[in-house]
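S.K.: Throw the hints in and build the complete structure from the sequences for me.
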Amino acid sequence: MSRVPLPEMPDRVPDQRSEARLAEIRREAAERGTVSGKGTLPVGAPFPKASSETGYYGVPLLKEPQWTKEVPLYFFVGGAAGAAAVVASAANLLTNDRDLVRDARWVAAVGGVISPALLISDLGVPSRFLNMLRVFKLQSPMNLGAWTLAAFSTFSGASAFANLLRQKFGDALPIRLVENSSGALASVTGMVLSTYTGVLIGATAIPVWNDHAVSLPHHFAASGVNSAVSILELLGHDDSRGLNLLGMAASAFEVYEGIEIEITRDRVNEPLKKGLSGTIVRTGGILSGPIPLALRVVSLITGNIKLRRAACWASLVGSLLTRFGWIQAGHASAKDHRIPLQLPEKVKEIRKSSKELAA
Amino acid sequence: MNHTEAQPTNGHRTTAFFTDSTLCIGCKACEVACKEWNQVSADGYEWSSFSYDNTTAVGHSTWRHVKFVENPTIPGEGGNAPGQLPAWGFSSDVCKHCEEAGCLEACPTGAIVRMDTGAVFVQPDVCNGCAYCVVNCPFGVVEKNEEDGRAFKCTFCSDRQNAGLKPACAQACPTESIQFGEINELRQHAEDRLTELRNKGVDDAVIYNPVDTSVKGIHAFFLLRGDPRAYNLPPQPEVPTIYQKKAWTSAAVAAGAMLGATLLAFLGDNRR
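If you're matching them up, the sequences are chains L and G in order. Here the first sequence is numbered in our numbering, starting from 1 and rising by one per residue. Here the second sequence is numbered in our numbering, starting from 360 and rising by one per residue.
Among the hints, erroneous ones may be present.
Here are the computed lysine to aspartate or glutamate pairs in the DMTMM-like style, where the Cα-Cα straight-line distance is at most 25 Å [to be verified]:
{"id": "1", "chain 1": "G", "residue 1": "K605", "chain 2": "L", "residue 2": "E19"}
{"id": "2", "chain 1": "G", "residue 1": "K604", "chain 2": "G", "residue 2": "D628"}
{"id": "3", "chain 1": "L", "residue 1": "K274", "chain 2": "L", "residue 2": "E53"}
{"id": "4", "chain 1": "G", "residue 1": "K604", "chain 2": "L", "residue 2": "D266"}
{"id": "5", "chain 1": "G", "residue 1": "K387", "chain 2": "G", "residue 2": "E535"}
{"id": "6", "chain 1": "L", "residue 1": "K69", "chain 2": "G", "residue 2": "D507"}
{"id": "7", "chain 1": "L", "residue 1": "K137", "chain 2": "G", "residue 2": "D402"}
{"id": "8", "chain 1": "L", "residue 1": "K335", "chain 2": "G", "residue 2": "D507"}
{"id": "9", "chain 1": "L", "residue 1": "K69", "chain 2": "G", "residue 2": "E505"}
{"id": "10", "chain 1": "L", "residue 1": "K335", "chain 2": "G", "residue 2": "E535"}
{"id": "11", "chain 1": "L", "residue 1": "K335", "chain 2": "G", "residue 2": "D628"}
{"id": "12", "chain 1": "G", "residue 1": "K394", "chain 2": "L", "residue 2": "E64"}
{"id": "13", "chain 1": "L", "residue 1": "K335", "chain 2": "G", "residue 2": "E505"}
{"id": "14", "chain 1": "G", "residue 1": "K605", "chain 2": "L", "residue 2": "E270"}
{"id": "15", "chain 1": "L", "residue 1": "K335", "chain 2": "G", "residue 2": "E597"}
{"id": "16", "chain 1": "L", "residue 1": "K137", "chain 2": "G", "residue 2": "E459"}
{"id": "17", "chain 1": "G", "residue 1": "K605", "chain 2": "L", "residue 2": "E260"}
{"id": "18", "chain 1": "L", "residue 1": "K137", "chain 2": "G", "residue 2": "E597"}
{"id": "19", "chain 1": "L", "residue 1": "K137", "chain 2": "G", "residue 2": "E464"}
{"id": "20", "chain 1": "L", "residue 1": "K335", "chain 2": "G", "residue 2": "E459"}
{"id": "21", "chain 1": "G", "residue 1": "K575", "chain 2": "L", "residue 2": "E262"}
{"id": "22", "chain 1": "L", "residue 1": "K137", "chain 2": "G", "residue 2": "E535"}
{"id": "23", "chain 1": "L", "residue 1": "K306", "chain 2": "G", "residue 2": "D628"}
{"id": "24", "chain 1": "L", "residue 1": "K335", "chain 2": "G", "residue 2": "E506"}
{"id": "25", "chain 1": "L", "residue 1": "K69", "chain 2": "L", "residue 2": "E270"}
{"id": "26", "chain 1": "G", "residue 1": "K604", "chain 2": "L", "residue 2": "E260"}
{"id": "27", "chain 1": "L", "residue 1": "K137", "chain 2": "G", "residue 2": "D628"}
{"id": "28", "chain 1": "G", "residue 1": "K605", "chain 2": "L", "residue 2": "E262"}
{"id": "29", "chain 1": "G", "residue 1": "K605", "chain 2": "L", "residue 2": "D266"}
{"id": "30", "chain 1": "G", "residue 1": "K604", "chain 2": "L", "residue 2": "E64"}
{"id": "31", "chain 1": "L", "residue 1": "K69", "chain 2": "G", "residue 2": "E506"}
Anything over 10 Å on all C-beta distances counts as not near chain L; from chain G, calculated [as the list claims (entries may be wrong)]:
{"id": "32", "residue": "I384"}
{"id": "33", "residue": "V399"}
{"id": "34", "residue": "D475"}
{"id": "35", "residue": "Y491"}
{"id": "36", "residue": "R509"}
{"id": "37", "residue": "R519"}
{"id": "38", "residue": "N543"}
{"id": "39", "residue": "E544"}
{"id": "40", "residue": "L556"}
Hint data in this document are derived by calculation from the structure and do not stem from the laboratory. Since the structure is predicted, the reported quantities are computational estimates derived from the model, not experimental observations. The beta-carbon is built from N, C-alpha and C at its ideal position, and this holds for glycine as well.
M.R.: Shown next, in the form of structure tokens:
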């Protein structure tokens with residue numbers, strides 16, 4: 001749609017040519033009763049025709065997502081924080097790497113502070129964020145997400161704080177109990193936090209999203225693990241064998257996701273391959289899948305720690321781009337009127353009412 | 360029974376809109392009446408560049424919208440195509456007030472509620488502008504007003520209905536194209552009107568009311584000429600909650616895999 005300024009008053013100087021033309025029109029009208037002329041074409045003419053193929057002149061049927069940039073950023077931060085909480089608990093349970101546990105707890109806690117801030121600043125009326133918690137509504141993924149986030153922030157913060165106390169005042173049993181139990185609760189809510197964002201966009205009316213309702217939670221979980229591992233390794237844990245293995249597993253899964261996206265060829269998936277959104281999704285996929293996987297394998301063989309660090313940076317940037325790419329794909333998908341206007345496969349042509357159509 | 364006669368709702372009458380497009384003359388009185396009663400802001404001076412319709416779609420500031428569907432063989436001629444009978448369809452679009460409403464299900468604050476008239480209503484004093492309803496409407500109706508921050512759509516003139524009045528658009532419609540009344544009576548009326556038109560030889564008339572989809576029918580149904588898709592009405596609208604079961608199942612599996620992989624990865628690490 002083009003915004004056109006209000007028409008201005010004509011400002012022409014009459015000359016011999018213009019007056020002769022007017023006289024000609026007058027003569028033609030008098031003689032033939034009609035005047036032939038090109039006339040003026042309105043803006044945008046010739047107009048397209050509304051039809052079952054174009055829909056309503058190709059006007060998008062669905063509304064585009066109206067989320068700000070904070071939302072994909074929150075998907076990234078929340079995903080990494082949730083996975084970091086799981087890493088903290090696993091490392092606490094199975095290793096004696098106290099530094100790793102401490103850092104993972106803090107990554108989760110910091111993410112648990114940044115995430116709500118991002119989510120709140122996205123709202124149209126940020127002062128009403130707490131309205132999210134005035135109801136408990138299972139059928140709304142957004143509501144469940146807000147509750148999960150509130151719980152996660154509390155538990156991850158508590159376990160990080162208890163960890164701090166433990167480091168400072170020694171291994172008292174009550175403190176350890178608080179740290180480990182709140183850490184466990186942070187892991188449970190963290191697992192929801194890393195995966196529910198896939199449900200959040202998967203269970204919507206946007207075709208490219210709901211077409212991937214099953215794969216998105218997996219995709220985002222792998223992406224979250226990938227970024228959590230990378231952050232921890234960049235914080236100095238680049239000698240941890242466990243983190244390296246986990247990073248490899250996450251990257252390998254991202255390779256699988258990328259292949260799955262590339263081999264499905266239908267109209268619904270076009271935004272994942274074409275245009276701006278396609279570029280972002282593909283770049284994100286390559287940066288978080290094959291590149292870090294290859295770098296990690298080579299690093300493992302050669303022992304070159306620099307390659308492992310490069311893998312971390314690629315994973316982080318790739319995971320971030322993945323979330324932005326999927327949101328961008330939602331925009332592109334909403335703009336495509338053809339998908340929601342597609343007839344159900346069993347129906348060849350619309351005859352009467354949609355009631356008969358479905359029968 | 361005169362269907363255009365409004366009655367006090369008393370809180371127990373399920374009401375509906377029946378928009379008979381064959382009676383619509385495209386005067387946009389409904390749009391104006393809606394904006395005036397509900398005090399909705401203007402859309403600005405914009406050309407659509409594809410039709411005489413410059414409003415293009417319902418949105419946060421357009422709760423009634425008259426679609427201008429040109430059916431001439433020569434595109435762009437509208438009703439002025441030479442040598443043929445002009446077939447210029449008008450249809451006043453509105454929020455469908457779905458039986459299973461995607462926006463209502465998705466709303467995380469409970470701001471979107473079902474009124475006792477069956478209307479789907481966004482409470483402006485509760486909405487916090489998360490914009491999740493926007494991506495959950497299969498008809499692309501509800502929209503966030505970026506300046507205000509909250510989501511808006513047709514209220515079904517719930518305030519007027521409470522006072523026993525017809526919605527503003529139905530009240531202002533000069534041709535009774537927009538009819539308002541009890542839902543079952545209106546459905547019957549729509550069927551009668553369809554039969555009447557068929558008997559007159561208008562055999563492309565259809566009723567749009569997707570009762571056999573997961574939306575389970577709408578409280579604002581339409582009588583149209585031709586394919587509903589030319590009016591941007593989806594043949595198979597689905598309420599997005601139907602995707603939740605598989606998505607949550609997948610999320611549970613993903614969470615399990617995440618936990619399993621993390622534990623496995625650290626299993627071999629030496630206790631130092």
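S.K.: Look at each hint and say if it fits the structure.
M.R.: So, going through the hints one by one against the coordinates:
Between the alpha carbons of K605 of chain G and E19 of chain L the distance comes to roughly 74 Å, so the proposed pair goes past 25 Å and is violated. Annotation: proposed proximity of K604 of chain G to D628 of chain G is violated, straight-line Cα distance about 37 Å (limit 25 Å). Taken as a hint, the K274 of chain L and E53 of chain L pair is honoured in the structure, with Cα atoms around 21 Å apart against an allowance of 25 Å. Our distance criterion of 25 Å between C-alpha atoms is met by K604 of chain G and D266 of chain L, whose separation comes to about 24 Å.
The straight-line distance between the Cα atoms of K387 of chain G and E535 of chain G is roughly 13 Å, inside the 25 Å bound, and the hint therefore holds. Taking the CA atoms of K69 of chain L and D507 of chain G, the gap is about 18 Å. The hint holds against a cut of 25 Å. The suggested pairing of K137 of chain L with D402 of chain G is violated, with an alpha-carbon distance near 35 Å, which exceeds 25 Å. Using a Cα cut-off of 25 Å, the hinted pair K335 of chain L and D507 of chain G holds, with the two alpha carbons roughly 24 Å apart.
With a CA separation close to 14 Å, the supplied pair K69 of chain L and E505 of chain G stays within the 25 Å bound. For the hint pairing K335 of chain L with E535 of chain G, the CA-to-CA distance comes to about 33 Å; that exceeds 25 Å, so the pair is violated. At most 25 Å may separate the alpha-carbon atoms for a hinted pair to count; K335 of chain L and D628 of chain G exceed this at roughly 50 Å. A threshold of 25 Å between alpha carbons decides the hint, and for K394 of chain G with E64 of chain L the separation of about 23 Å falls inside it, so the pair holds.
Of the pairs offered as hints, the one joining K335 of chain L and E505 of chain G holds, with about 19 Å between alpha carbons and a cut-off of 25 Å not exceeded. Annotation: proposed proximity of K605 of chain G to E270 of chain L holds, straight-line Cα distance about 23 Å (limit 25 Å). Taking the CA atoms of K335 of chain L and E597 of chain G, the gap is about 18 Å. The hint holds against a cut of 25 Å. Taking the CA atoms of K137 of chain L and E459 of chain G, the gap is about 16 Å. The hint holds against a cut of 25 Å.
Distance check on the hinted pair: K605 of chain G and E260 of chain L sit about 18 Å apart at the alpha-carbon level, within 25 Å; holds. Straight-line distance between C-alpha atoms of K137 of chain L and E597 of chain G comes to about 20 Å, which keeps the hinted pair within the 25 Å bound. This hinted pair checks out: K137 of chain L and E464 of chain G have alpha carbons roughly 9 Å apart, not beyond 25 Å. Proposed proximity of K335 of chain L and E459 of chain G is supported: the alpha carbons are some 24 Å apart, at most 25 Å.
As the CA atoms of K575 of chain G and E262 of chain L are separated by approximately 35 Å, the hinted pair breaks the 25 Å bound. Proximity of K137 of chain L to E535 of chain G is assessed by CA-CA distance (about 40 Å); at most 25 Å being required, the pair is judged violated. A threshold of 25 Å between alpha carbons decides the hint, and for K306 of chain L with D628 of chain G the separation of about 22 Å falls inside it, so the pair holds. Proximity of K335 of chain L to E506 of chain G is assessed by CA-CA distance (about 22 Å); at most 25 Å being required, the pair is judged to hold.
Of the supplied pair hints, the one linking K69 of chain L and E270 of chain L holds, its CA atoms being roughly 22 Å apart against a limit of 25 Å. A threshold of 25 Å between alpha carbons decides the hint, and for K604 of chain G with E260 of chain L the separation of about 21 Å falls inside it, so the pair holds. A threshold of 25 Å between alpha carbons decides the hint, and for K137 of chain L with D628 of chain G the separation of about 41 Å lies outside it, so the pair is violated. In summary, the hint linking K605 of chain G to E262 of chain L is supported, as the alpha carbons are separated by about 22 Å, within the 25 Å threshold.
Distance hint between K605 of chain G and D266 of chain L is fulfilled; the C-alpha atoms sit about 21 Å from each other, no more than 25 Å. Distance check on the hinted pair: K604 of chain G and E64 of chain L sit about 24 Å apart at the alpha-carbon level, within 25 Å; holds. Restraint check for K69 of chain L and E506 of chain G: the C-alpha separation of about 17 Å stays at or below 25 Å, so the hint holds. Against chain L, the non-interface label of I384 of chain G holds: every CB pair exceeds 10 Å, the least being about 18 Å.
Listed as a non-interface residue, V399 of chain G keeps its Cβ farther than 10 Å from every Cβ of chain L; the least gap is roughly 17 Å. With a cut of 10 Å on Cβ distances, D475 of chain G stays outside the contact zone with chain L, its closest approach being about 19 Å. Not every CB of chain L is more than 10 Å from the CB of Y491 of chain G (nearest about 4 Å), against its label as outside the interface. Listed as a non-interface residue, R509 of chain G fails to keep its Cβ farther than 10 Å from every Cβ of chain L; the least gap is roughly 5 Å.
The non-interface label for R519 of chain G is consistent with chain L: the shortest C-beta to C-beta separation is roughly 26 Å, beyond 10 Å. Every CB of chain L is more than 10 Å from the CB of N543 of chain G (nearest about 15 Å), matching its label as outside the interface. Separation of E544 of chain G from chain L is adequate, the least Cβ-Cβ distance of about 18 Å exceeding the 10 Å criterion. L556 of chain G, annotated as away from the interface, keeps every beta carbon of chain L farther than 10 Å; the closest lies near 12 Å.
Of the numbered hints stated above, those contradicted by the structure are hints 1, 2, 7, 10, 11, 21, 22, 27, 35, 36, listed in ascending order.
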